[in-house]
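K.L.:
Sequence:
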Amino acid sequence: MNLALIPARAGSKSIKNKNLAMLCEKPLLYYTIESAKKAQCIDKIVVSSDGDLILQYALSQGVETLNRPEEIARDSTTSDEVILHAIKHYKDLDNIILLQPTSPLRDSNDIDKAYRIFKEKNANALISVTQIDNKILKAFIAKEDGSLQGIHNNTYPFMPRQSLPQTYQSNGAIYIVKRDLFIENPSFLPQNTHYYLMSEEHSIDIDTLADLEYANKIMQNKTL
Numbered sequence: 001m002n003l004a005l006i007p008a009r010a011g012s013k014s015i016k017n018k019n020l021a022m023l024c025e026k027p028l029l030y031y032t033i034e035s036a037k038k039a040q041c042i043d044k045i046v047v048s049s050d051g052d053l054i055l056q057y058a059l060s061q062g063v064e065t066l067n068r069p070e071e072i073a074r075d076s077t078t079s080d081e082v083i084l085h086a087i088k089h090y091k092d093l094d095n096i097i098l099l100q101p102t103s104p105l106r107d108s109n110d111i112d113k114a115y116r117i118f119k120e121k122n123a124n125a126l127i128s129v130t131q132i133d134n135k136i137l138k139a140f141i142a143k144e145d146g147s148l149q150g151i152h153n154n155t156y157p158f159m160p161r162q163s164l165p166q167t168y169q170s171n172g173a174i175y176i177v178k179r180d181l182f183i184e185n186p187s188f189l190p191q192n193t194h195y196y197l198m199s200e201e202h203s204i205d206i207d208t209l210a211d212l213e214y215a216n217k218i219m220q221n222k223t224l
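Take my numbering: the last position of the sequence shown gets the number 224, and nothing is skipped along the way.
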């Protein structure tokens, strides 16, 4: 069984009640629930939250809820803590697909394509990413004694950018991991982790009001 876990904490510093903030006249959480419902690879959808309004909204959308205790609903709470909490309640599952509500433009096709790669590669995990400028490989870090060294190695800083490998960063939209392996080693980057490349538009992550306004403009333009 594939469990789609949607972590939706009530507290948020950047946007008040962010997961229920309105985006094109619907709560932000709506879009992730809908994409999970339409994805063919998902067998069960669970919203994990400490917020009564969020839990009530999730139930109104016909998905299961998991009441998250206060100790794993803080600013410092990590996603692996949320997953391990869910695993204790849902034992009959094979894979966990973590879908954060802050990625409203990630759709069901993205989820199904990511899962297809996960299965075809026989991966232990998969992370959705967006392509970034590889000039970061030319950067330096300072050691404790004040001397410089390349952020990756001491050759890349002096190579033409065209010769450097392509670089990616997680966009926070999709994480897939095998349940048993995650219990043994709670990590999203175990050995044999593959990636699913998403467009810049679908990779929008809502963190600020400006992000919300930008996503709103994109979605409005799509409906015109």
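No wet-lab data here; the hints were simulated from the structure. Please note that a few of the clues may not be correct.
[As the list claims (entries may be wrong)] Cut-off 30 Å, straight-line C-alpha distance, at most; resulting in silico cross-link-like pairs (DSS-like, lysine-lysine): (1) 26 <-> 222; (2) 178 <-> 44; (3) 135 <-> 88; (4) 26 <-> 113; (5) 91 <-> 178; (6) 88 <-> 38; (7) 37 <-> 222; (8) 44 <-> 135; (9) 138 <-> 119; (10) 113 <-> 88; (11) 138 <-> 88; (12) 37 <-> 217; (13) 16 <-> 37; (14) 113 <-> 222; (15) 26 <-> 13; (16) 37 <-> 135; (17) 121 <-> 143.
K.L.:
All the hints need checking, so say for each whether the structure fits it.
P.N.:
Results for each hint:
1. 26 <-> 222: Given pair residue 26, residue 222 holds - Cα atoms ~15 Å apart, limit 30 Å.
2. 178 <-> 44: Given pair residue 178, residue 44 holds - Cα atoms ~15 Å apart, limit 30 Å.
3. 135 <-> 88: violated, 43 Å
4. 26 <-> 113: holds, 26 Å
5. 91 <-> 178: Judged against 30 Å, a Cα distance of about 12 Å means the pair holds.
6. 88 <-> 38: holds, 26 Å
7. 37 <-> 222: holds, 21 Å
8. 44 <-> 135: violated, 41 Å
9. 138 <-> 119: violated, 34 Å
10. 113 <-> 88: holds, 28 Å
11. 138 <-> 88: violated, 44 Å
12. 37 <-> 217: holds, 24 Å
13. 16 <-> 37: OK: residue 16 and residue 37 at ~26 Å, within 30 Å.
14. 113 <-> 222: holds, 22 Å
15. 26 <-> 13: Distance of about 21 Å is within 30 Å: holds.
16. 37 <-> 135: violated, 39 Å
17. 121 <-> 143: Answer violated: residue 121 to residue 143 is near 38 Å, above 30 Å.
Hint violations for this structure: numbers 3, 8, 9, 11, 16 and 17, all remaining hints satisfied.
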